[in-house]
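A.B. asks: Please construct the entire structure, taking both the sequences and the accompanying hints into account.
Numbering (the numbering used here), first residue to last: -15 to 78.
In case anyone wonders, no lab produced these hints; they're calculated from the structure. For each residue, glycine too, the CB sits at the ideal point set by N, CA and C. Among the hints, erroneous ones may be present.
As the list claims (entries may be wrong) - Each pair of labels, with its calculated beta carbon distance range:
id, residue 1, residue 2, range
1, Gly54, Tyr13, 42 to 52 Å
2, Ser2, Gly23, 39 to 49 Å
3, Phe78, Ser27, 11 to 21 Å
4, Gly54, Ser17, 54 to 64 Å
5, Gly54, Phe78, 45 to 55 Å
6, Asp0, Thr67, 22 to 32 Å
7, Arg25, Gln53, 40 to 50 Å
8, Asp0, Gln53, 22 to 32 Å
9, Phe78, Glu39, 49 to 59 Å
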Amino acid sequence: YRNYYDRNHEENNTLDASFVKLRELSIGYSFPSSSVLHGMRISIIGKNLWVYAPEIKHFDPEQIAFQGQGFVSGVEDMSYPSTRSFGLSIGFDF
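C.D. replies: Dropping the structure here:
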């Protein structure tokens, strides 16, 4: 482990960070003016739903590594994937 993941040899842990990511998706419905709920909008929201990264199957390519006092981007250094989240939004127009 130490020979391959030595922090002084970032070349072993540097990968092609080309990726496609669906960061946020929101699907909503606005109630029509003929409805009792006129002016109300309800939406479902999802974040970090999908990532396509052919060379990087085990971590999020947008994560960064910590090294000393600084940050290093594009280096896999035992990073964890971003959390996926879902939410509900309700809005009113007056």
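A.B. asks: Would you mind marking each hint as holding or not holding in the structure?
C.D. replies: Hints versus structure:
| no. | hint | verdict |
| --- | --- | --- |
| 1 | Gly54 / Tyr13: 42 to 52 Å | holds (46 Å) |
| 2 | Ser2 / Gly23: 39 to 49 Å | holds (44 Å) |
| 3 | Phe78 / Ser27: 11 to 21 Å | holds (18 Å) |
| 4 | Gly54 / Ser17: 54 to 64 Å | holds (55 Å) |
| 5 | Gly54 / Phe78: 45 to 55 Å | holds (49 Å) |
| 6 | Asp0 / Thr67: 22 to 32 Å | holds (24 Å) |
| 7 | Arg25 / Gln53: 40 to 50 Å | holds (46 Å) |
| 8 | Asp0 / Gln53: 22 to 32 Å | holds (27 Å) |
| 9 | Phe78 / Glu39: 49 to 59 Å | holds (51 Å) |
Going down the numbered hints, you'll see the structure goes against none, and every one checks out.
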